[in-house]
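Residue numbering for the sequence shown follows the working numbering, starting at 2 and increasing by one per position.
It should be emphasised that the hints constitute simulated quantities derived from the structure, not laboratory data.
Fair warning: there could be bad hints in the mix.
[To be verified] Between beta-carbon pairs, the in silico distance windows are: (1) L117 with W31: 47 to 55 Å; (2) P41 with V7: 30 to 38 Å; (3) L87 with L54: 28 to 36 Å; (4) L53 with W77: 31 to 39 Å; (5) V7 with G106: 45 to 53 Å; (6) R5 with L99: 18 to 26 Å; (7) R80 with F101: 28 to 36 Å; (8) E34 with M98: 20 to 28 Å.
C-beta: ideal position from N, C-alpha, C; glycine also.
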Amino acid sequence: MSGRPVLRHIGAMHLSGFVLLCSFVVPPYWLAEMAYGTPPDDPTADAPFMVLLVVPLVVLGLHIAVQIPAGLMGAWLGRGTWGRYLVSVAAAAALTMLLFRGDTGMWLDALARTALGLGAYAWVLTGAAGRAWRGY
Numbered sequence: 002m003s004g005r006p007v008l009r010h011i012g013a014m015h016l017s018g019f020v021l022l023c024s025f026v027v028p029p030y031w032l033a034e035m036a037y038g039t040p041p042d043d044p045t046a047d048a049p050f051m052v053l054l055v056v057p058l059v060v061l062g063l064h065i066a067v068q069i070p071a072g073l074m075g076a077w078l079g080r081g082t083w084g085r086y087l088v089s090v091a092a093a094a095a096l097t098m099l100l101f102r103g104d105t106g107m108w109l110d111a112l113a114r115t116a117l118g119l120g121a122y123a124w125v126l127t128g129a130a131g132r133a134w135r136g137y
């Protein structure tokens, strides 16, 4: 069937985005710094709910700008599970470096979080998810 690879990629993209979102359960240092960096009585400080909006926006930005292109590139250029994963992580490293423009701490944090999601992406593309679902 011609539609199956497309559905597998769409499922892999959704799973990698979910893994990326779950990785933000442990907040990055810059988010905690932003939340607690200003005193509560400072009138120039952002409202606390604005900090809560930052996480979904960062997840969405990383997913669209880094994870999906890196996953597709890994599926296109990589051979085998590890080849796909390594190509996609290398592409994610380059894309996150462009996105964060040399801030090494944020770059490493974003790369580690996207690498977890790309592992899920490569796992789905190998068919291991289907075998686990079917039980063999």
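A range of 28 to 36 Å was offered for this pair. Does it hold for the Cβ distance of L87 and L54?
holds (34 Å)
Taking 30 to 38 Å as the hint, is the beta-carbon distance of P41 and V7 inside that range?
violated (50 Å)
Can you let me know if the beta-carbon spacing of L53 and W77 is within 31 to 39 Å?
For L53 and W77 the Cβ distance comes to about 36 Å; the hint holds.
Within 20 to 28 Å or not, the Cβ separation of E34 and M98?
holds (21 Å)
Quick one: are V7 and G106 within 45 to 53 Å, going by C-beta?
The hinted range 45 to 53 Å is violated for V7 and G106, with Cβ atoms some 37 Å apart.
I want to verify a distance hint. Is the separation of the beta carbons of R5 and L99 within 18 to 26 Å?
violated (33 Å)
When you take the CB atoms of L117 and W31, is the distance between them in 47 to 55 Å?
violated (18 Å)
Just to be sure I understand the hint, the distance between the Cβ atoms of R80 and F101 should be within 28 to 36 Å; is that true here?
Once the Cβ atoms are compared, 30 Å apart, the range 28 to 36 Å for F101 and R80 holds.
Checked against the numbered hints given earlier, the structure breaks hints 1, 2, 5, 6 and satisfies all the rest.
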